[in-house]
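Engineer: Now for the letters of each chain:
Number of protein chains: 2
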Amino acid sequence: MGYAKIRIRNLAKMGEKSMVNSKHAKLEDVAQLAGVSKTTVSRVLNKRGYLSQATIDKVYAAMKELNYQPNTIARQLFKQKTNMVGLIFPTVNNPFFGQLVAKLENILYERGYKVLIGNSQNDPQKEEDYLNQLLAHQVDGLIVGAHNRGLKEYQHANLPVVSIDRIMNDDIPVVSSDNYQGGKIATEALIAAGCQTIIHTDGPENLESNTSKRQQAYEEVMRQHERIPVTYNLDFNISTAEKIKIFRKIFEDYPQVDGIVTSNDTDAATILSLAPLYNKKVPHDLKIIGYDGADMTRLMLPHLSTIQQPIDKIAEVAVNLLEEKISGKKPSSPPPLEVKFIKGLTS
Amino acid sequence: MGYAKIRIRNLAKMGEKSMVNSKHAKLEDVAQLAGVSKTTVSRVLNKRGYLSQATIDKVYAAMKELNYQPNTIARQLFKQKTNMVGLIFPTVNNPFFGQLVAKLENILYERGYKVLIGNSQNDPQKEEDYLNQLLAHQVDGLIVGAHNRGLKEYQHANLPVVSIDRIMNDDIPVVSSDNYQGGKIATEALIAAGCQTIIHTDGPENLESNTSKRQQAYEEVMRQHERIPVTYNLDFNISTAEKIKIFRKIFEDYPQVDGIVTSNDTDAATILSLAPLYNKKVPHDLKIIGYDGADMTRLMLPHLSTIQQPIDKIAEVAVNLLEEKISGKKPSSPPPLEVKFIKGLTS
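As given, the protein sequences belong to chains R and B, one line each in that order. Positions in the first sequence are counted from 1; adding 24 to them yields the working numbering. Positions in the second sequence are counted from 1; adding 24 to them yields the working numbering.
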């Protein structure tokens, strides 16, 4: 190829550039200016496949120069539908997430999707790995309920994502049940039952998750009744042994404790089994209300009072939203779903 | 293309055929005789992708005529490694399968595999759909623990498969814990504790699964002690309400029942919550020993006596075997893994 030829091609490029700038820049214009294929531009746009930073930079520079606005239809033309959806959750070895993932999978199956799962175990590195793997694997969308803060990959991923509970960014709708209402009902029920010293156990503070509204509600109700709210925040990733240590501390710090509102049923179960060690008879000396009310917990601990989340409904709403996102719509977060107080024998 | 040319090609084919028959037929010989591409032959061999029955028949006819023996190395040359493994289990919404799938996923992740899940819910149609989808999706292998009988797809699938508990065919290694020993320990413990009328609850009879050895052990121990074994077999797929009906029937058929050996902990939990309705105090009037001892059950029902399976170990052995199969080896079923009796407060 001679020098003249290259020059001519570059001139042609320049001509096209000014031309497209006056109308709408197209994906192929970006490809041509960046000197890459249209598929590569599409992959950069969709953050899919392994791409060198140099390629990504070139494509972004071209997009910027051409003031290119990727449009969904154009993107979809290049997007091979894989009919795979990725789910990233802390684990399936838990009554709440087990039921949620099982239900998500069932609904997705009915709608023709296969499901890739990643149990992030609340490990940010693992969550990031999963995300990159899933992006590279060309899933059509993601439903995430993992609990790590601000993974920047989600912000950049040009991929349909729906979140459960966790707040990520404005583009990602969040499905939650009414956590504020749940925390309020539980705290008010213990106050109405005559409890004097009511303690709350919850996940880590400052978590960007709708579940933190349970703690907010507990604290507000306590203050309304002129009580001092006391919350024990438990980090994720801690072992059952470490959890037991913290729960034991509640009994030691507050020997007069007569009410506990937990943020999940497995913690309530652990506290139930510790109570006899401190000569507390449930519900006479100590009343406990759990949270979640998953099928398996209801089966194994039918006597536990709990705030039941509509887990199957959460799954259904999340899949509906994901399908909207996949079809190019921009749904916002739905209103919180209703929770239900199940009065058992522990409150 | 003229007539002469076709004739020449066919003659050439015939010549090659006799030639290759005298040595080893190669995949390309099969392709040529069948009039399809090598990729198509590979897909037929690996049962992957959607193929018409006509194509499959042509390829098989050519393989038969050439006495073609597919060899692993040749197959692997055509096989794109996807680093995806499919898991087919009844559900993740269960303490045993939840822990098993979570552990399988963790180990597979560490070894660089992504995981596709299918919750078959013991529905043969769904299981078959999953299998076909996973085959079409080119997973590198499958680990299955679903409970449907004789799905013929597994027999034909030329794909690395490892089973947990379920007996499929001679090529598929089965990982199990020592079900016979588990059934024996539980029954003997209740006899030693002085129980007179010991009932067993189990899954469906005649299931081709190693778990049926629990029932076998129960019956043998009972006969050794001159007792009449009575097993209530529960079909999969029945609702909790239907299960409760059957468990109530135990109390009605055998009002004197003072010992129950169940085949899983969730059934033990259900029976525990029914006992007060028949004025049975556990363990005074009725002793119950469950089965599985999954982490979540231990956490929620720490007092339940149970036979604990080494669930994490089962997952590890299964992945090791799958990797052996993927690398072209033909491992046989390993010896059963040890179970452990956990004496709680219900026996």
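Simulated from the structure, these hints should not be mistaken for lab results. This one's a predicted model, so the numbers in the text were calculated from it and none came from an experiment. It is possible that some hints are incorrect.
Which copy is meant is left open, because identical chains are indistinguishable; a pair holds if it fits in one copy or across any two.
Derived pair list, reagent style BS3-like, types lysine-lysine, alpha-carbon separation capped at 27 Å [said to hold, decoys possible]:
#1 Lys82 - Lys305
#2 Lys367 - Lys305
#3 Lys305 - Lys354
#4 Lys105 - Lys150
#5 Lys353 - Lys267
Engineer: So, for every hint listed, does it hold in this structure?
Structural biologist: Structure-based check of each hint:
1. Lys82 - Lys305: neither (68 Å within a copy, 75 Å between copies)
2. Lys367 - Lys305: For Lys367 and Lys305, the Cα distance is within 27 Å both inside one copy (17 Å) and across copies (23 Å).
3. Lys305 - Lys354: Answer is neither; intra-copy 52 Å and inter-copy 57 Å both fail.
4. Lys105 - Lys150: For Lys105 and Lys150, the Cα distance is within 27 Å both inside one copy (26 Å) and across copies (22 Å).
5. Lys353 - Lys267: Answer is neither; intra-copy 43 Å and inter-copy 44 Å both fail.
In the structure shown, a violation is registered for the earlier hints numbered 1, 3, 5, in ascending order.
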